[in-house]
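As you go down the protein sequences, you meet chains A and B in turn.
When the letters of the first sequence are read in order and numbered with the numbering used here, they come out as residues 98 to 447.
When the letters of the second sequence are read in order and numbered with the numbering used here, they come out as residues 98 to 447.
These are computed hints drawn from the structure, not numbers from a lab.
Just to be clear, a hint being listed does not mean it is correct.
Pairs count within a copy or across copies, as identical chains cannot be separated in the list.
The calculated lysine to any residue pairs, modelled on SDA-like cross-linking and capped at a C-alpha distance of 25 angstroms, are [to be verified]:
{"no.": "1", "residue 1": "Lys-338", "residue 2": "Ile-169"}
{"no.": "2", "residue 1": "Lys-338", "residue 2": "Ser-360"}
{"no.": "3", "residue 1": "Lys-118", "residue 2": "Val-317"}
{"no.": "4", "residue 1": "Lys-338", "residue 2": "Glu-368"}
{"no.": "5", "residue 1": "Lys-410", "residue 2": "Glu-259"}
{"no.": "6", "residue 1": "Lys-193", "residue 2": "Gly-141"}
{"no.": "7", "residue 1": "Lys-321", "residue 2": "Gln-168"}
Number of protein chains: 2
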Amino acid sequence: MSSGVGQVVENKQVRLKRYVKGFPVESDLYVTSDNTIELRVSDGSPEGTTLVKNLYLSCDPYMRFRMGESQIGEFPSFTIDAPIDGFGVAKVLDSKNPDFKVGDLIWGRIKWEEYSLITKPEGFFKIQHTDVPLSYYTGILGMPGITAYFGFNEVCSPKEGEYVFISAASGAVGQLVGQFAKLKGCYVVGSAGSKEKVELLKTKFGFDEAFNYKEEHDLVAALKRFFPEGIDIYFENVGGKMLDAVLLNMRVQGRIAVCGMISQYNLDHPEPVYNLMSVIYNRVRIEGFISFDYFSRYSEFVDAVLPYIREKKINYVEDVVEGLDSGPAALVGLFSGRNIGKQVVAVAHE
Amino acid sequence: MSSGVGQVVENKQVRLKRYVKGFPVESDLYVTSDNTIELRVSDGSPEGTTLVKNLYLSCDPYMRFRMGESQIGEFPSFTIDAPIDGFGVAKVLDSKNPDFKVGDLIWGRIKWEEYSLITKPEGFFKIQHTDVPLSYYTGILGMPGITAYFGFNEVCSPKEGEYVFISAASGAVGQLVGQFAKLKGCYVVGSAGSKEKVELLKTKFGFDEAFNYKEEHDLVAALKRFFPEGIDIYFENVGGKMLDAVLLNMRVQGRIAVCGMISQYNLDHPEPVYNLMSVIYNRVRIEGFISFDYFSRYSEFVDAVLPYIREKKINYVEDVVEGLDSGPAALVGLFSGRNIGKQVVAVAHE
Numbered sequence: 098m099s100s101g102v103g104q105v106v107e108n109k110q111v112r113l114k115r116y117v118k119g120f121p122v123e124s125d126l127y128v129t130s131d132n133t134i135e136l137r138v139s140d141g142s143p144e145g146t147t148l149v150k151n152l153y154l155s156c157d158p159y160m161r162f163r164m165g166e167s168q169i170g171e172f173p174s175f176t177i178d179a180p181i182d183g184f185g186v187a188k189v190l191d192s193k194n195p196d197f198k199v200g201d202l203i204w205g206r207i208k209w210e211e212y213s214l215i216t217k218p219e220g221f222f223k224i225q226h227t228d229v230p231l232s233y234y235t236g237i238l239g240m241p242g243i244t245a246y247f248g249f250n251e252v253c254s255p256k257e258g259e260y261v262f263i264s265a266a267s268g269a270v271g272q273l274v275g276q277f278a279k280l281k282g283c284y285v286v287g288s289a290g291s292k293e294k295v296e297l298l299k300t301k302f303g304f305d306e307a308f309n310y311k312e313e314h315d316l317v318a319a320l321k322r323f324f325p326e327g328i329d330i331y332f333e334n335v336g337g338k339m340l341d342a343v344l345l346n347m348r349v350q351g352r353i354a355v356c357g358m359i360s361q362y363n364l365d366h367p368e369p370v371y372n373l374m375s376v377i378y379n380r381v382r383i384e385g386f387i388s389f390d391y392f393s394r395y396s397e398f399v400d401a402v403l404p405y406i407r408e409k410k411i412n413y414v415e416d417v418v419e420g421l422d423s424g425p426a427a428l429v430g431l432f433s434g435r436n437i438g439k440q441v442v443a444v445a446h447e
Numbered sequence: 098m099s100s101g102v103g104q105v106v107e108n109k110q111v112r113l114k115r116y117v118k119g120f121p122v123e124s125d126l127y128v129t130s131d132n133t134i135e136l137r138v139s140d141g142s143p144e145g146t147t148l149v150k151n152l153y154l155s156c157d158p159y160m161r162f163r164m165g166e167s168q169i170g171e172f173p174s175f176t177i178d179a180p181i182d183g184f185g186v187a188k189v190l191d192s193k194n195p196d197f198k199v200g201d202l203i204w205g206r207i208k209w210e211e212y213s214l215i216t217k218p219e220g221f222f223k224i225q226h227t228d229v230p231l232s233y234y235t236g237i238l239g240m241p242g243i244t245a246y247f248g249f250n251e252v253c254s255p256k257e258g259e260y261v262f263i264s265a266a267s268g269a270v271g272q273l274v275g276q277f278a279k280l281k282g283c284y285v286v287g288s289a290g291s292k293e294k295v296e297l298l299k300t301k302f303g304f305d306e307a308f309n310y311k312e313e314h315d316l317v318a319a320l321k322r323f324f325p326e327g328i329d330i331y332f333e334n335v336g337g338k339m340l341d342a343v344l345l346n347m348r349v350q351g352r353i354a355v356c357g358m359i360s361q362y363n364l365d366h367p368e369p370v371y372n373l374m375s376v377i378y379n380r381v382r383i384e385g386f387i388s389f390d391y392f393s394r395y396s397e398f399v400d401a402v403l404p405y406i407r408e409k410k411i412n413y414v415e416d417v418v419e420g421l422d423s424g425p426a427a428l429v430g431l432f433s434g435r436n437i438g439k440q441v442v443a444v445a446h447e
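Chain A on its own, in the form it takes in the complex:
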């Protein structure tokens, strides 16, 4: 057993205070230490039970669905006054699971707390490669990476030389899609919400062009400027007005992979989309997907992406805040675009 195992310690948690309507605010969540945990798996625990120390927590837009009261698709609501959960990286402190030894690092769905007792270990991946930052397993080597990799390479069916547009392009997923598209030989343009993010797209991620959507009063015209020949592939992260403008700029046989629509998540009523007739004229395919459907292909994904990281062919920018106390602001900041790159909460570094 590692040192400290068996102790009873405070276990700080981030909990949901109330179901969110509209834009989430920090005070929809609260941080509390009114809870303790024994740092061992007790003798009577079922086989598979694992005690972990949580290291890095992932802030992802889909979590907004779970902060609302009504179940949306396969996203069950969080429970009021219980810790929220999401993807994260953790270290095994004690284990009745033959697959996980003390000291192993794993990633999967964990609660926003310092320590967690995992009773259903099926959804967890053991981290095999630790020569890259561990936080990467919340991003480029975790759920957002899977989203970007399969969303682009499978849902978008890309071909060399095609014209690719990505919204929310500096985010956890967008920055990767753009780099995968460049590796594929595509022409890549991204949109983001600040000058700093636009610079990042062009300098750090190698996008051909990028623009600040907040500075464009006519998105249809902006897209025509960057895509005089039209768009073959749109990787959709925002929805609403941007989607409507894209539809008027699609090429024949174009594809729209719908990863998210973050501009819509906090609205009481979604924004209208008017230009769907383009789907007929241009034979466009619009396809929604969820990364979970590709989790079974995780090892194929790691084999493909890890060399890019090691050879520095792909960059990954994270926005890491320190400590669970910073968690609520980090999570709700996603929806105002506060983060630059992948938003991570570091609970502990080891």
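Let chain A serve as the given structure and place chain B on it in line with the hints.
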């Protein structure tokens, strides 16, 4: 040469009077006999030139695009004061085309006139099977049939037992999609715009259920009534409010094949669609397609569908009006749902 060849005769035509805005009306077109044609291919005509007598003309919703002033996708506008054109069946009267003999029957894109001199014969199919009504080559064995067959079997990726919804279900395409879906072992519901059409769906075409959308004030609720488990496949012919209601009723991994959006063609501004977030939650694929992309597979299609017709496993209902004089009313009637089944104009029967 057939009898009459070489004569100069009147050649009645249906011409466009003005570009259409909003709903087309009969007076947007006019019928005239101020034109003559010599019933032979003159000696100096280029190889391939074919003189035909037009028999059956197809009225199809896409023709509305061509009645407008601005080019929409790959649908060029008709020319003012020139005959309109569309798909149709014709008989060869004279030919400098080695593929087409006098007396041959062909279908393809022909002008709305009694006789046509075809100078580009590449797009025409020779009719090989005449044991079925010739008018079928404007419908079940023509463009609408190709649309229904490939649109359903390829774009929708159907599986036995799936829940299928079809709008404009008694139309030229919808009635076939429903029957193909039944042959595939699906549960099939259709919507249409009159009691008579709804009856036709249930009795003649074997739909499991059908409803009159004009009698439903809440389309979302109506669809929930017919699809308590949700919709796997939506064959989209109408767009607008129906699409919005369908989106809230889609099942996970559902597919929407977008064949047309007839409810939108005559509006100055398309209706809004609000519920596209369903595409993410439910991983829905929305795919537009155009039958022209499948014309190269026509013989495969005929081999599959002809036996169904001969064995009476598929019914096909046509609404045939007589004579070019009836053409304008028949064509514009599509947009008010006047037709029951496939709208055809019989210029001549042989």
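Review point. When no copy is named, should Lys-338 and Ile-169 be tagged within, between, both, or neither for a Cα gap of at most 25 angstroms?
Key: both (22 angstroms within a copy, 21 angstroms between copies)
Check your understanding: Between copies, within a copy, both or neither: which fits Lys-338 and Ser-360 at Cα up to 25 angstroms?
Key -> both (9 angstroms within a copy, 22 angstroms between copies)
Exercise for review: Give the relationship of Lys-118 and Val-317 under a CA distance limit of 25 angstroms: within one copy only, between copies only, both, or neither.
Suggested key: between (31 angstroms within a copy, 23 angstroms between copies)
Review point. Between Lys-338 and Glu-368, at a C-alpha cutoff of 25 angstroms, which is it: within one copy, between copies, both, or neither?
Key: Cα proximity of Lys-338 and Glu-368: in one copy and across copies (7 angstroms, 15 angstroms).
Review point. Checking Lys-321 and Gln-168: alpha-carbon separation at most 25 angstroms within a copy, between copies, both or neither?
Key: between (38 angstroms within a copy, 18 angstroms between copies)
Exercise for review: Up to 25 angstroms between alpha-carbons, please classify Lys-193 paired with Gly-141: within, between, both or neither.
Suggested key: Cα proximity of Lys-193 and Gly-141: one copy only (10 angstroms, versus 92 angstroms across).
Check your understanding: For the identical chains here, do Lys-410 and Glu-259 meet the 25 angstroms Cα criterion within one copy, between copies, both, or neither?
Key -> Within. Shortest intra-copy distance 20 angstroms satisfies the 25 angstroms Cα cut-off; inter-copy 44 angstroms does not.
Violated hints for the displayed structure: none, as all numbered hints are satisfied.
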